[in-house]
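Novice: In case you want the letters, here they are:
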Amino acid sequence: MSALPQLIVAGIGMGSIYALVALGLVLIYRTTNVVNFAQGDFPMVGAFLLVICLFHAGMPYWAGILVALAGMAVFGGLFNLAVYYPLRNRSYLPVLISTLGASIFVQNTVLAAYGPQPANLPPLLPLRGFQVGGVFLDPQYLVIIVVSAALVLLQYLFFEKTYLGKKIQATAQDKETASLIGIPVRWMIMLTFVYSAVLGGVAGILVGPIMYFSIGMGTAIALKAFAATIIGGFGDIRGAILGGLGLGIIENLGAAYISVPYKDAFAFLVLFAFLMVLPQGIFGEKIAEKA
Amino acid sequence: MPLLKLSHLRVSHGRVEALSDVSLVVEAGEIVALLGANGAGKTTTLRTISGLMRPDAGDVAFEGRSLVGLSPEMIVRAGIAHVPEGRRIFSGLTARENVLLGAANRPNLSRHAREAEADEVSALFPEIASFRDTLAWKLSGGQLQMVAVARGLMAKPKLLILDEPSLGLAPLIIQRVFDIIVEIRRRGTTVLLVEQNANMALSIADRGYVLETGRIVTSGCAAALGKNEAIKAAYLGQRAA
Ligand SMILES: Nc1ncnc2c1ncn2[C@@H]1O[C@H](COP(=O)(O)OP(=O)(O)OP(=O)(O)O)[C@@H](O)[C@H]1O
Ligand SMILES: [Mg+2]
Numbered sequence: 001m002s003a004l005p006q007l008i009v010a011g012i013g014m015g016s017i018y019a020l021v022a023l024g025l026v027l028i029y030r031t032t033n034v035v036n037f038a039q040g041d042f043p044m045v046g047a048f049l050l051v052i053c054l055f056h057a058g059m060p061y062w063a064g065i066l067v068a069l070a071g072m073a074v075f076g077g078l079f080n081l082a083v084y085y086p087l088r089n090r091s092y093l094p095v096l097i098s099t100l101g102a103s104i105f106v107q108n109t110v111l112a113a114y115g116p117q118p119a120n121l122p123p124l125l126p127l128r129g130f131q132v133g134g135v136f137l138d139p140q141y142l143v144i145i146v147v148s149a150a151l152v153l154l155q156y157l158f159f160e161k162t163y164l165g166k167k168i169q170a171t172a173q174d175k176e177t178a179s180l181i182g183i184p185v186r187w188m189i190m191l192t193f194v195y196s197a198v199l200g201g202v203a204g205i206l207v208g209p210i211m212y213f214s215i216g217m218g219t220a221i222a223l224k225a226f227a228a229t230i231i232g233g234f235g236d237i238r239g240a241i242l243g244g245l246g247l248g249i250i251e252n253l254g255a256a257y258i259s260v261p262y263k264d265a266f267a268f269l270v271l272f273a274f275l276m277v278l279p280q281g282i283f284g285e286k287i288a289e290k291a
Numbered sequence: 001m002p003l004l005k006l007s008h009l010r011v012s013h014g015r016v017e018a019l020s021d022v023s024l025v026v027e028a029g030e031i032v033a034l035l036g037a038n039g040a041g042k043t044t045t046l047r048t049i050s051g052l053m054r055p056d057a058g059d060v061a062f063e064g065r066s067l068v069g070l071s072p073e074m075i076v077r078a079g080i081a082h083v084p085e086g087r088r089i090f091s092g093l094t095a096r097e098n099v100l101l102g103a104a105n106r107p108n109l110s111r112h113a114r115e116a117e118a119d120e121v122s123a124l125f126p127e128i129a130s131f132r133d134t135l136a137w138k139l140s141g142g143q144l145q146m147v148a149v150a151r152g153l154m155a156k157p158k159l160l161i162l163d164e165p166s167l168g169l170a171p172l173i174i175q176r177v178f179d180i181i182v183e184i185r186r187r188g189t190t191v192l193l194v195e196q197n198a199n200m201a202l203s204i205a206d207r208g209y210v211l212e213t214g215r216i217v218t219s220g221c222a223a224a225l226g227k228n229e230a231i232k233a234a235y236l237g238q239r240a241a
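Sequences listed follow chains A and B, in order.
With the working numbering, the residue at position 109 of the first sequence is 109, and numbering never jumps.
With the working numbering, the residue at position 73 of the second sequence is 73, and numbering never jumps.
Hints are supplied without guarantee of correctness; some may be wrong.
[Said to hold, decoys possible] When the alpha-carbon atoms are kept at most 27 Å apart in a straight line, the in silico DSS-like pairs for lysine-lysine are as follows:
| no. | chain 1 | residue 1 | chain 2 | residue 2 |
| --- | --- | --- | --- | --- |
| 1 | B | K5 | B | K138 |
| 2 | A | K161 | A | K175 |
| 3 | B | K138 | A | K175 |
| 4 | B | K5 | B | K156 |
| 5 | A | K161 | B | K5 |
| 6 | A | K175 | B | K158 |
| 7 | A | K161 | B | K227 |
| 8 | A | K175 | B | K156 |
In case anyone wonders, no lab produced these hints; they're calculated from the structure.
Just so it is clear, the structure is predicted and the values come from calculations on it, not from any experiment.
Here chain A stands alone, though its shape is the one from the complex:
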């Protein structure tokens, strides 16, 4: 099967997108205990911001990306202030509903601003597909994989090697004690939202060239990112990455060898299997870490 490597590369590419969105989901969950139902709208907003920069403001690609990502940072901050912050001392349910409402609001804002027609982004690299050892590779998938891997590495270094990273980890583990030792908890949460939104924006910008997207694009991505976090072990960063990549590969192989129309169903079959057999996910939440 000479198509297999190609299918796997494309699967890892799509899986990286799920992983980036899942990472954002997990980071917000860990710092605020909130499952953000608008997480899938982050890539949608990022992709549309870039569409506006490129096709309406006529910016060059690199400038468009910078502006779109800066826009995502602002969006993440506003999202925190409007959706999470006013409800931060309430139980999880009001916040959860607030994120659902935000999702609807964001989608309709983009609908009003841009319209219902689907959009597409030009490829990031002006390269044709090429053959490596008889395998055809779409360079956009390679861009996705390289950028995602670099981001994950940077994030790892940030959380493990910097003082600010440790302060955010401390905030995620115990907010009261974090504030007691002088960590500005509010700002740590703000940073988490900003970074999650930028991650989502990157995912949207990366996936834009390989699919036509519209305001609803986030729903499918969010569902798979969510599935990825459950498969990996909810709240676990490694789990989100592994779960995202695994889902991407499995759905691509399933579509190629079993059934194309059921492509989206494979993710949920895998999710279902995990919920039945290994409900705590691959990396399961360690009890000791919650203590």
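Got chain A sorted already, so can you dock chain B with the ligands onto it with the hints?
Specialist: Chain B with the ligands in isolation, oriented as in the chain A frame:
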């Protein structure tokens, strides 16, 4: 002017009044013990000092300035480090990382200075060296208490407040923790110590206060409080040693 002055504090948890009238004074350079039985309101008093709770009435003054309404972050910046009940060490971080985070109240400190200060603080607890890179959830109670006190000291506080540091520790380790508290004071940090272990606390304190159901019922110098059998029986919940 006393370093810390609580005047007529009244504090409640929702509808439950935990403190009805607490006044006390801590002078610079002292070790002051705050004693009382289970549920007397010791933790509530400390949490009010460090800004985790707001008083319904009364005042907390530090170096003559009221702290009421300030956030915990601002209070630790002002110079009060609170080592909480149950240590509350970040379990997913290592011992060393926990200690380093104690300097979070001074964001402008360079990495180099922070590491140097952590080395200096850790010199008080040579035992930390053997588990400095161990994740905290693997540490024993005594080890966690060392890390908690070291993290508190990393704030370079003028006043260190400790909530039941002896809780759940073996006698030998308790002795070690109390020796460290004495050394901390010798180096110039004032200490407010909450304990149920009254004998131990009074053995190192200069003065003490006894709290009973939300009010201060007795106070005095540690030696006198320690000898007062009636107080022991009535308020400290333990037999004379
Ligand atoms: N979160 C809370 N909600 C409601 N009531 C509380 C809460 N925390 C404490 N209380 C009540 O406030 C009173 C004082 O509690 P506090 O924890 O200050 O006592 P303590 O002297 O520290 O006791 P211990 O020795 O058990 O630590 C108790 O009656 C307690 O039941
Ligand atoms: Mg207590």
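Novice: Hints first: check each against the structure and report whether it holds.
Specialist: Against the structure, the hints:
no.: 1; hint: K5/B with K138/B; verdict: violated, 39 Å
no.: 2; hint: K161/A with K175/A; verdict: holds, 21 Å
no.: 3; hint: K138/B with K175/A; verdict: holds, 21 Å
no.: 4; hint: K5/B with K156/B; verdict: holds, 20 Å
no.: 5; hint: K161/A with K5/B; verdict: violated, 41 Å
no.: 6; hint: K175/A with K158/B; verdict: holds, 24 Å
no.: 7; hint: K161/A with K227/B; verdict: violated, 53 Å
no.: 8; hint: K175/A with K156/B; verdict: holds, 21 Å
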